[in-house]
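There are 2 protein chains.
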Amino acid sequence: MSLIVHKYGGTSMGSTERIMNVARRVAKWHAAGHQMVVVPSAMAGETNRLIALAKEIQPQPDPRELDMIAATGEQVSVGLLAMALKTIGVDAVSYAGWQVAVRTDEAYTKARIVSIDDAKVRADLAAGRVVIVTGFQGVDPAGNITTLGRGGSDTSAVAVAAALSAVECLIYTDVDGVYTTDPRIVPEARRLSKITFEEMLEMASLGSKVLQSRSVEFAGKYKVKTRVLSSLTPPDIPVAEEAASGTLITFEEEQMEQAVISGIAFNRDEAKITINNVPDRPGIAYQILGPVAEANVDVDMIIQNAGSSGMTDFSFTTHRNEYDKALAVLNARVKDQVKAGTITGDPKIAKVSVVGIGMKSHVGVASLMFRTLSEEGINIQMISTSEIKISVVIDDKYLELAVRALHKAFGLDVVAAA
Amino acid sequence: MSLIVHKYGGTSMGSTERIMNVARRVAKWHAAGHQMVVVPSAMAGETNRLIALAKEIQPQPDPRELDMIAATGEQVSVGLLAMALKTIGVDAVSYAGWQVAVRTDEAYTKARIVSIDDAKVRADLAAGRVVIVTGFQGVDPAGNITTLGRGGSDTSAVAVAAALSAVECLIYTDVDGVYTTDPRIVPEARRLSKITFEEMLEMASLGSKVLQSRSVEFAGKYKVKTRVLSSLTPPDIPVAEEAASGTLITFEEEQMEQAVISGIAFNRDEAKITINNVPDRPGIAYQILGPVAEANVDVDMIIQNAGSSGMTDFSFTTHRNEYDKALAVLNARVKDQVKAGTITGDPKIAKVSVVGIGMKSHVGVASLMFRTLSEEGINIQMISTSEIKISVVIDDKYLELAVRALHKAFGLDVVAAA
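Heads up: the protein sequence lines correspond to chains A and B, in order.
By the numbering used here, the letter at position 260 of the first sequence is numbered 260, and the numbering carries on one by one without gaps.
By the numbering used here, the letter at position 112 of the second sequence is numbered 112, and the numbering carries on one by one without gaps.
Okay, chain A solo, but in the shape it has when bound (with noise of 0.2 Å):
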């Protein structure tokens, strides 16, 4: 008998009869001799009507205010959900976030989890109850309610799952695992049936949308393995077929033979900025930073690029719909401050990452990735490298166009040996 943690999103809970289709799933896995604890989302649109709401009364709602709203709709969708249980047999018992409790700091629609606590849900579980706990949500040091950010329920179950020593979290989604690049844009796109966090982190993290990144980042931190599978699939199929579904997320040290990349990840939600001739000093990045992080704003990319003449241009990306809000801080707090030339600015880019652990051990990506956009006439604005990845920003019309071209040319149109 082993612990199993099952997430589900919102458009698995988009209907009571698809909660009933969850229920059935669940059961399933239950009745195979799993203990089981579940985690869903709110339902489809629920999040953004609470959001749309509170925006219709202040249009930059007030943060705390904001996750005791948005927190209703997880409370909703595991009550629910217990209930489908109960009408089909199972024992099931719902909690939210403070009540299990999910411990996280103060950084309201942001929060990060710290702890949680798990004799109550390991009570339940003894007693042979379905556990049902609420994503996204937790409680902070002085008891408010916080959440974790759009996708936070993806994280709730990998934290839930390494609190538990699960001995795997499964997270249904409406896609049947990772591919080498979205299928939208490259039919030849491959499912992987094996990725390693650190690549999935890259992937997530630079727009695969599958996995919000911070849930890979436990699932790392936390040794938790993580399965990204359909949730399309009929819900009365044998365990062991879903069990082998989709796309494990494992550690570097179980994978075998290793391909130099294992996908393309793009992302078209940035903008990036530019502050165009600042002294080149010490401790110029934090002055122009810091304001933009007091304001909230996150920034992803970060270039500097110091040549001899004392100037420097300064360049990051940030979320297309924090744009303004960025280049308004700047102009107020920054420019002057840091005596900087202009600033300029473009929202319309894209980002284009090849990502993968065998990058690690080889030469030459960075030439062949080069290569290939310039053989299709894309010109590269940045440039942004780590160990498994290395990301370029270009003009958003060429991302389509990119994204086949390097997927073709790092050979992941080919179906690899398993």
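It should be emphasised that the hints constitute simulated quantities derived from the structure, not laboratory data.
Every clue listed holds true.
Where chain B lies over chain A, by a calculated footprint (3+ residues, C-beta under 8 Å):
1) 13–20
2) 52–65
3) 74–87
4) 91–100
Here a beta-carbon is modelled for each residue, glycine too, at the ideal position from N, C-alpha and C.
Starting from the known structure of chain A, arrange chain B on it as the hints suggest.
Okay, now just chain B, sitting in the frame of chain A:
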């Protein structure tokens, strides 16, 4: 600086626009120097939506899970109202029942408040914040969310006012106070500027429906001055004017001269059932009502009138929706067991009551009531009395006539001297 509690119903909270009006009203009282605690209901329709959702999955919803779901309606309301206050420059903070904490017993869907911790609320008030607490809900000793049942937000507001020793609890509703009877039936009906809590209790439980009766009990038990007033006045009328409007529920000792009768209450939701020719022996009432109670049928009036024949007729009234169920139980589990003659019933009855604290010290109320009905040719089917009310059951079709005649006969048409 005095502490005031406001309670707003679902209609007042029915849209973001209306919530802004509630905020303006609260802000006005705050600006007048009062410490403010506000207890809002869920947005109109929201609790019904949530319960319908639950019933789609489980027609007889699990009570614990139903409370988990239903409690979210108020949680959204408090967050939205806190935001609304902030947008007009008033600092505010919202709390769910468990955060305060509002402690209840374990009776899901109809829990009773046991205690309220006031430390958190007092600290916020001292810091100048408006405190917004969810109505309708609390937390049981094991940390489960409970709800108080329909109309429970009134009770929450009065309980919060009691816990904080508030100077007054203002219940904003869609009527502008308590009337001598329903103005839709008697155009001459007058608003009472004061009513004792005992009278209010009889008026509320008899169908005046202005306040949930449990909230009136609470007001009486803890001597909370409670005012029922209109939420439909412009939010910016002077505080002094608003503070003098509506109907104040007071305590007998405070009353000066007292009219004999305060109002005429009525109820046409009931049905009567008579078990005819029952042997008149000890235990018979329990033998009849035991099975009815076990079937969860609520009973209102109970009348037994034993003659000298050794036989008696036993009658009671119940909600019209439970009429068929009650008949079925009596036929299956009572009729033969108690050797009754026939069981008869009538779902087309109405109950009319005269209510007044003055009745205690005045004779002749009953005779005036019976004479008035007799003069109108209305037959009285059942009579039941308490310290401060006399109720009769009559044919449904005479209801309006009876109420109008009694309202006139008891001098309620005439405005009494203040």
